[in-house]
Amino acid sequence: MSAQEAAAHAPAEHQTSTGLDNVKLAMWAFLGSECLFFGSLISTYLLYRNRVLDGPRPHEIYDIPYTSVSSFVLLMSSVTMVLALAAIQRGDHRGLRIWLLATAMLGTVFIGGQVYEFTAFVEEGLKLSTSTFGSAFFVMTGFHGAHVTVGIFMLLSLVGMSMFGRLSDADGPRKVELIGLYWHFVDIVWIVIFTVVYLIPTN
Amino acid sequence: MTQAGIEHSPREEEELAHHPDPRQYIVVGVWLAIVTALEVAIYYVDSLQDIIVPFLLVFAFIKFFLVVTWFMHLRFDSALFRRLFVSGLVLALVVFAIVMTIFLARGGAVPEIAGG
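Which chain is which? The protein sequence lines are H and U, in order. Taken in order, the first sequence gives residues 3 to 205; the numbers are from my numbering. Taken in order, the second sequence gives residues 485 to 600; the numbers are from my numbering.
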């Protein structure tokens, strides 16, 4: 096949002024703004975590071994996500669906763990309105959990699109990469939360 | 040009040429697991409690860096994506610095929240 024929058969690609994919550029701009969003929530938590007039204090309530396992689960979901991307880049749709389902399952395990943790905290006397520590903790981790939940729905949508032939070999990898960027972002936010919120000792 | 018989646009071909292969992804995943294990292990070492914060921050930075560079492909993609993301990170750190400056300027007193 000549170079001209190859160019004619290549998937259609919009020309942009940057030479980059505009949707991917928008995703990175969105993730940059999300850094600011979670940065504000984490800053607020750090400011208020020692302000406990009523209810349990952070070091009395955190279960580090339990949270370590759920952090590990979320971290490994990033590995399965990149393996899903690698699969569709090879044109392996079955592999894509297996790795996407594995990622969604690991995300669901993480969310299940968070629901259990929240329930345990409420039973131990820490509610959203108990103290400013409680408010800051539940708002920050709750927003993170909401992001993970949205990510799970997006992963399952990709699985559905793949099953019904809506992910073509031409634009499928790009769609999977965009959802992957979002998924890895919620993972790196948790990397920061796990260290700053759970592991660094309070006064 | 094709990979496994699939037609890719020239831009996708260029990106694919730089993306890691599955084996490299798994190696990065193993390193992430090792760093997480170290992070949790030093949490329980009593003799390190006075200097634990720098260790934990370094471990968190390593994990953050590995995910962003290898899994999010910032190591291989356009510098413009990197600049957008780093801008957000820097702004977040500026917000944090402003909050802490206000906190210290008030002598460590936490601003009141209604009902708090």
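Don't read these hints as lab results, they were simulated from the structure. A portion of the hints provided could be inaccurate.
As the list claims (entries may be wrong) - Derived Cβ-Cβ restraints for the label pairs, each shown as a range:
1. P538/U - S42/H: 22 to 28 Å
2. M584/U - F166/H: 48 to 54 Å
3. L564/U - F39/H: 43 to 49 Å
What the hints assert, rightly or not - Covered by chain H, per the in silico footprint, the following chain U stretches (three or more residues, Cβ under 8 Å):
4. 509-523
5. 559-566
Claimed, not checked - Just a sample of chain U residues kept apart from chain H, beta carbon distances all over 10 Å, derived:
6. S571
7. G572
8. L575
The beta carbon of each residue, even a glycine, is placed where N, CA and C say it ideally should be.
Now the hints, each set against the structure:
1. Roughly 24 Å separates the CB atoms of P538/U and S42/H, a value that falls within the hinted 22 to 28 Å.
2. Between M584/U and F166/H the Cβ separation comes to about 51 Å, which falls inside the hinted range of 48 to 54 Å.
3. A C-beta distance of roughly 21 Å is found between L564/U and F39/H, which places it outside the suggested range of 43 to 49 Å.
4. Counting residues of the segment 509-523 of chain U whose C-beta lies closer than 8 Å to any C-beta of chain H gives 8; at least three are required, and the coverage claim holds.
5. Residue count for the segment 559-566 of chain U with a Cβ under 8 Å from a Cβ of chain H: 3. That meets the three needed, and the coverage hint holds.
6. Look at S571/U: its CB is around 5 Å from the nearest CB on chain H, not clear of 10 Å, so calling it non-interface is violated.
7. Residue-level check failed: G572/U sits 3 Å from the nearest beta carbon of chain H, not beyond 10 Å.
8. The beta carbon of L575/U sits about 5 Å from the closest Cβ of chain H, which is not more than 10 Å, so the claim that it is off the interface is violated.
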